[in-house]
Each structure stands twice: as C-alpha cells, then as structure tokens.
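Visitor: The listed protein sequences derive, respectively, from chains A, B, C and D. Once you know that position 106 of the first sequence is 243 in our numbering, the rest is easy, because the numbers rise by one and skip nothing. Once you know that position 31 of the second sequence is 168 in our numbering, the rest is easy, because the numbers rise by one and skip nothing. Once you know that position 69 of the third sequence is 206 in our numbering, the rest is easy, because the numbers rise by one and skip nothing. Once you know that position 98 of the fourth sequence is 235 in our numbering, the rest is easy, because the numbers rise by one and skip nothing.
There may be inaccurate statements among the hints.
The calculated label-pair distances, taken between Cβ atoms and stated as ranges, are [as the list claims (entries may be wrong)]:
| hint | chain 1 | residue 1 | chain 2 | residue 2 | range |
| --- | --- | --- | --- | --- | --- |
| 1 | A | GLU152 | C | VAL235 | 46 to 54 Å |
| 2 | A | ARG185 | D | GLU140 | 30 to 38 Å |
| 3 | B | GLY188 | D | HIS189 | 29 to 37 Å |
Covered stretches of chain A (in silico footprint by chain B; criterion: 3 or more residues with CB under 8 Å from a CB of chain B, positions within the stretch not fixed) [what the hints assert, rightly or not]:
| hint | segment |
| --- | --- |
| 4 | 194 to 205 |
| 5 | 230 to 236 |
By construction, these hints were calculated from the structure, which means they are not laboratory data. Small disclaimer: the values here were computed from a predicted structure and weren't measured. Virtual Cβ for every residue (Gly too), placed ideally from N, Cα, C.
Now for the letters of each chain:
Number of protein chains: 4
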Amino acid sequence: MSEALTAFARERDWEQFHSPKNLVMALTGEVGELSEIFQWMSEEDSKRAAGHPQHAQAVRDELADVLLYVVRLADVLGVDLNAAAEHKLKANAAKYPVSKARGSSKKYTEI
Amino acid sequence: MSEALTAFARERDWEQFHSPKNLVMALTGEVGELSEIFQWMSEEDSKRAAGHPQHAQAVRDELADVLLYVVRLADVLGVDLNAAAEHKLKANAAKYPVSKARGSSKKYTEI
Amino acid sequence: MSEALTAFARERDWEQFHSPKNLVMALTGEVGELSEIFQWMSEEDSKRAAGHPQHAQAVRDELADVLLYVVRLADVLGVDLNAAAEHKLKANAAKYPVSKARGSSKKYTEI
Amino acid sequence: MSEALTAFARERDWEQFHSPKNLVMALTGEVGELSEIFQWMSEEDSKRAAGHPQHAQAVRDELADVLLYVVRLADVLGVDLNAAAEHKLKANAAKYPVSKARGSSKKYTEI
C-alpha cells in the first residue's frame, strides 16, 4: 500500500506537498469527515452504519482515506508502522493488566 | 492486528465501550496528540521528526495509536479495511488522472 | 480577549510560531483533548459532564483552550470573528428554513 | 450568540441532537474542514489566506462554524465560556512566566 501511494504521489508530482506536517493536517481533515458521518447518530445506530444504504459507502471511503494517509505519513517519516503498532500493543498490555483493568471505565478513561 | 485488538478488549471487558461512535472520538483524540507533536514545527523540521531524540518515540507511538483505532473501528463496523483502501486507491486514480493532476496544487487542494 | 492573547504571545516572543497553519494544528490538538473527555461517555452522561467532580475542570479548561485558539487564529488572519459568525447564522437560517428542517435528522446530517 | 443558537435549534426541533457528545463530534468535523483549507499551504501562504480570492470566504465560514459550535457546546453544558477563558488565560500566564518562556520553542512545544 505504501509503495502504491508513493507511486501515486510521484506520478502527479505531489511529493512536494507531502511533508509530515501537511499530511497530519490532511489526516485531520479525513477524521473530520468520518466524524461528520457519526455526529448525530446514537451509539446503537453507529453499530449498523456500515450496513446503512445512506452511509455504507461513505463509511468505507472515509475509513480508507484515514488509513491511506496514516500509511503515507508513516512512509515519509520513515516509520515502520507494523513494528510501531506491535510495540504499542505490548506496551498497552503492560499498562492495563487484565486483573486491574477489567470492566473499569474509570481506568479506561485515563488512557 | 484486528484479532489481537478484539482479544485485548474482550479480556478487559472493554467491548461495551467500543461502539463505532465512541471509537471515532478516540481516533480524534489520537490525531489531536499527533497534531500536537507537529504544530510548532516547520515543514522542514517535520521531515526529520522521526529521527529527533525528543520526538521519535512519540511520533511512533501516536502513529501506532491512530492505526490501532482505525483497525479496531473497521472491525466493529464489519468493514474490510484492505478492500476499502484498494477501492479508494482506484477511485483516486480515476479522479486525478496523471495528465491533468501533474504538479497542480490547485487541483490538489480540491480533494 | 484578542488583545490579551496578542500581548501574551508578544511578551513571550511566541508570535513567530503563530502562523495560521500552526494555530489550526494547535486547535486540532485542543479539540482532540476535548474529545478524549467525552469519548467513552454515553450521550446522557455527557449532559452532566460539567457538573461531574472528575471532569468539570477539564471540560471548562478544554473549552477555553479551543475558544482561545479560535480567537487567536481569527486575529492573525485578520478575520472579524463576530461578523463572520453573524453572517453564518443568517446563511444557516436561509439554508435550513424552519418549515422544512423541523425535526428532520436526515436534512440535519447533510449539514 | 448563545441565545440565537438556542432559538435556532429549538425552532427546528434539533435540541434532541445537541448532546455535548454529539456537539464535540460536530466541532471535530468543522475543525477538519478548517484544516483542509490550510493542509497544502506553506506557513507564509497561510498568513494571507483570509485575503485570497479562492479561500477568503471558506476561511471566514469555517472559523464561524467552529465558534458557533463552541458557543453552543458551552451553552448545553452550562459552562460560562468567558469566565472559563479568563481563568485559563491567568493559568497560562502563571504556567509560562515571561522570564522563562521567552522565545523558547522547546518549552512551548511542551504545552
């Protein structure tokens, strides 16, 4: 995916715009669009959003846009995204041991 | 990664908090933390952020947090994230043909 | 408020960091912090957040931070924020006439 | 402004959608739109955005949208926004005394 995005940007001479700072702002824009889909929905309705005729395509598209910018951002920064995610998962498991975290929304809100 | 996140939430009885609506807000929080790292940096400095002693770990951690929430969000929504991203890449290629898009920041800002 | 913020930045020689681009990123960071307060709350609980011992101060502080950055951003851009808000209120009233918009969440989600 | 927004929502029977949680998501959407205006601009260009024929109206409109949602959010939460902002300004002055903060981007990035 990272290679496809690099080729995509290079072919259009868009690499000049893809500084990490700019890409973080583009990512913010996409998360804003994702947020707009869900803003007036109840939590229950949000669980069915990907099957809703009016929202399904937008949900998939905005999720994709967020992912594509995260992958592109990691690439221009030189960060191994998979390694970073694995490292964070292990750190989270150590930070929130099952015995203490179980069902505790109070602890959870401290994330 | 999706399976690891599901197990992580289930073991802590946190699935009750993971509605799509809530996860979009959590994603917003992580993008906000990513943005804070880059907010006072110049574009040039942002290109070296992942190698900066003060910022490198935070950059990797926040990128990972964003990715983890995107993967978790797609999972609870029942969206195939890889398929959605491939679909969007093809749609972008059709929307911005190389012949017209080349180097044009004006067109690009219309994304 | 705008004058107080200008003096605050000038005294600390921080005007050099306050480009509109940077301030939009700082605003994003504050909205992320606001979002983190509410992310695991139900809608009902969110209505009582400003009276909750654990959250009241954070709610006030993050709302203030968002407002301060919006005011500062308008100032460095040279935008009259009150005039812009009045203009937008009138535009919204014309876009969503009471007769058509009443109770319609469908229309509303199209905002 | 707060009263005008309450009347606007009441007339359209939209108060049912305006929980603090939902309004934070709507605010996120507007900040995303603001971010999209500036994402590919250099810092220098961003300083002239409010005078740019292509961007001036959008800059004013998105700033207004952000302000309107902050005011509405404070209102439904029962927070006195002016008091909260004054309190935060004083807290910031104490946290970043001129003698220590002057020109220090390092300290500043720790905000």
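Visitor: Each hint needs a verdict: does it hold in this structure or not?
Guide: Status of each hint after checking the structure:
At about 50 Å, the beta-carbon gap between GLU152 of chain A and VAL235 of chain C stays in the expected band of 46 to 54 Å. Evaluation of the 30 to 38 Å hint for ARG185 of chain A and GLU140 of chain D yields a pass: the beta carbon distance comes to about 37 Å. The beta-carbon spacing between GLY188 of chain B and HIS189 of chain D, approximately 34 Å, falls within the hinted interval of 29 to 37 Å. With a cut-off of 8 Å between beta carbons, the segment 194 to 205 of chain A has 9 residues touching chain B; three or more are needed, and the interface restraint holds.
Requiring three or more residues with a Cβ within less than 8 Å of a Cβ of chain B, the coverage given for the segment 230 to 236 of chain A holds, as 3 such residues are present.
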